[in-house]
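Same order as they appear, the protein sequences are chains V and Z.
Here our numbering is used: the first residue of the first sequence is 1, the next is one more, and so on.
Here our numbering is used: the first residue of the second sequence is 1, the next is one more, and so on.
It is worth saying that the hints were derived from the structure and are not from the lab.
There could be a bad hint or two in this list.
Derived Cβ-Cβ restraints for the label pairs, each shown as a range [said to hold, decoys possible]: (1) V:Ser65 / Z:Ser59: 33 to 39 Å; (2) Z:Pro115 / V:Lys40: 22 to 28 Å; (3) Z:Ser69 / V:Pro61: 36 to 42 Å; (4) Z:Ser53 / V:Arg63: 39 to 45 Å.
Going by beta-carbon spacing under 8 Å, a handful of chain Z positions derived as facing chain V [stated by the list, open to error]: (5) Gly41; (6) Leu44; (7) Leu103; (8) Lys107; (9) Gly108.
Derived coverage of chain Z by chain V (criterion: at least 3 residues anywhere in the stretch with Cβ under 8 Å from a Cβ of chain V; other residues may be distant) [stated by the list, open to error]: (10) 28 to 34; (11) 46 to 56.
The structure presented is a predicted model; accordingly, all values stated were derived computationally and were not measured.
Backbone N, C-alpha and C define an ideal beta-carbon position, used for all residues, glycine too.
Each chain, letter by letter, is given below.
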Amino acid sequence: DTEVTQTPKHLVMGMTNKKSLKCEQHMGHRAMYWYKQKAKKPPELMFVYSYEKLSINESVPSRFSPECPNSSLLNLHLHALQPEDSALYLCASSQTWSSGREQFFGPGTRLTVL
Amino acid sequence: KQEVTQIPAALSVPEGENLVLNCSFTDSAIYNLQWFRQDPGKGLTSLLLIQSSQREQTSGRLNASLDKSSGRSTLYIAASQPGDSATYLCAVRRDYGGSQGNLIFGKGTKLSVKP
Numbered sequence: 001d002t003e004v005t006q007t008p009k010h011l012v013m014g015m016t017n018k019k020s021l022k023c024e025q026h027m028g029h030r031a032m033y034w035y036k037q038k039a040k041k042p043p044e045l046m047f048v049y050s051y052e053k054l055s056i057n058e059s060v061p062s063r064f065s066p067e068c069p070n071s072s073l074l075n076l077h078l079h080a081l082q083p084e085d086s087a088l089y090l091c092a093s094s095q096t097w098s099s100g101r102e103q104f105f106g107p108g109t110r111l112t113v114l
Numbered sequence: 001k002q003e004v005t006q007i008p009a010a011l012s013v014p015e016g017e018n019l020v021l022n023c024s025f026t027d028s029a030i031y032n033l034q035w036f037r038q039d040p041g042k043g044l045t046s047l048l049l050i051q052s053s054q055r056e057q058t059s060g061r062l063n064a065s066l067d068k069s070s071g072r073s074t075l076y077i078a079a080s081q082p083g084d085s086a087t088y089l090c091a092v093r094r095d096y097g098g099s100q101g102n103l104i105f106g107k108g109t110k111l112s113v114k115p
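Here chain Z stands alone, though its shape is the one from the complex:
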């Protein structure tokens, strides 16, 4: 059974810091991994999608890496801003050797960026 873990559960940093959020998964047979952002009481905003054949993806101040063999992904946020405060979720999609499974979510990391 695929399990997704995100550490830390919560993180508070001063504005301007670079930071890393971690995601680990137990089964390396994944099709892709997607990072989301969720503001309180709101829906999920897709940040980055990494296919299993890729090592990293970048979008603006965000960089996500994937090491499938070790079951890890990181989301790097450069020059953090108060507007980055949100819960960040990672989700993996399992590869069943030709067919794909559902998205399996981690519990998220709640990020607070202090002005």
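If we strip away everything but chain V, and leave its shape as in the complex, we get:
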């Protein structure tokens, strides 16, 4: 099973809302990632969790708050977003950060901020 699942598939939120994106994998991977992808652009790394600890934060605004409750789950909490935050949010996982193995991506959550 090489599946990474993400919920919800679509999310529309106002600038004052609080919402969360969820990502799950059952491949035993110990590295999990959040990427942001704007239309017609490549994915951009936001966060890396390695063994449930945040190891990389690519200078992401604090209105995005990641959380890794356990080795299979990764959340992205959203608060006071801006319309320019509308994008496809992709979760990925790999065996470990340093293994050099493939990253597997989920189907993404399409976020629209009104």
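Given chain V, put chain Z in place with the hints provided.
Positioned in the frame of chain V, the structure of chain Z alone reads:
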């Protein structure tokens, strides 16, 4: 700074043709290179991973080659089919002499295979 370029940006071919997608990177100090496929509005599907010590990888009708010294990789698709229509992204992982960097993506090649 590592930069990844994919040429062409878009490609349209008739069904059955063999084709090559190109990826170039500016810093040859890479740990590996990964090719992905992305359908519109969807996530990325991993196609092939080539380690820096490898020259090529094959999976079905796909063959990816890597020439690290010249900073190039190609993805060869044999006997293309309409179902191959998608955007193809390459991404390199930088080698910092023992530690690894993030995946750096190219902007992709949008492939359209006409029936």
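Evaluation of the provided hints:
1. Our hint of 33 to 39 Å for Ser65 of chain V and Ser59 of chain Z holds, since their Cβ atoms are close to 38 Å apart.
2. Roughly 25 Å separates the CB atoms of Pro115 of chain Z and Lys40 of chain V, a value that falls within the hinted 22 to 28 Å.
3. Distance hint check for Ser69 of chain Z and Pro61 of chain V: the Cβ-Cβ separation is about 40 Å, which falls inside the suggested range of 36 to 42 Å.
4. The given range of 39 to 45 Å is respected by Ser53 of chain Z and Arg63 of chain V, whose C-beta atoms sit roughly 42 Å from each other.
5. The closest approach between the C-beta of Gly41 of chain Z and any C-beta of chain V is roughly 7 Å, which is under the 8 Å cut-off, so the hint is satisfied.
6. A least Cβ separation of about 4 Å between Leu44 of chain Z and chain V falls short of the 8 Å threshold, and the interface hint therefore holds.
7. With its C-beta approaching chain V no nearer than about 6 Å, Leu103 of chain Z sits inside the 8 Å limit, and its interface hint holds.
8. The interface hint given for Lys107 of chain Z is met, as the beta carbon of that residue sits about 6 Å from the closest beta carbon of chain V, less than 8 Å.
9. The criterion of a C-beta within 8 Å of any C-beta in chain V is met by Gly108 of chain Z, whose closest approach is roughly 6 Å, and the hint holds.
10. Residues of the stretch 28 to 34 of chain Z with a Cβ under 8 Å from some Cβ of chain V number 3, which satisfies the need for three, so the listed coverage holds.
11. Counting residues of the stretch 46 to 56 of chain Z whose CB lies closer than 8 Å to any CB of chain V gives 3, so the stated coverage by that chain holds, three being the minimum.
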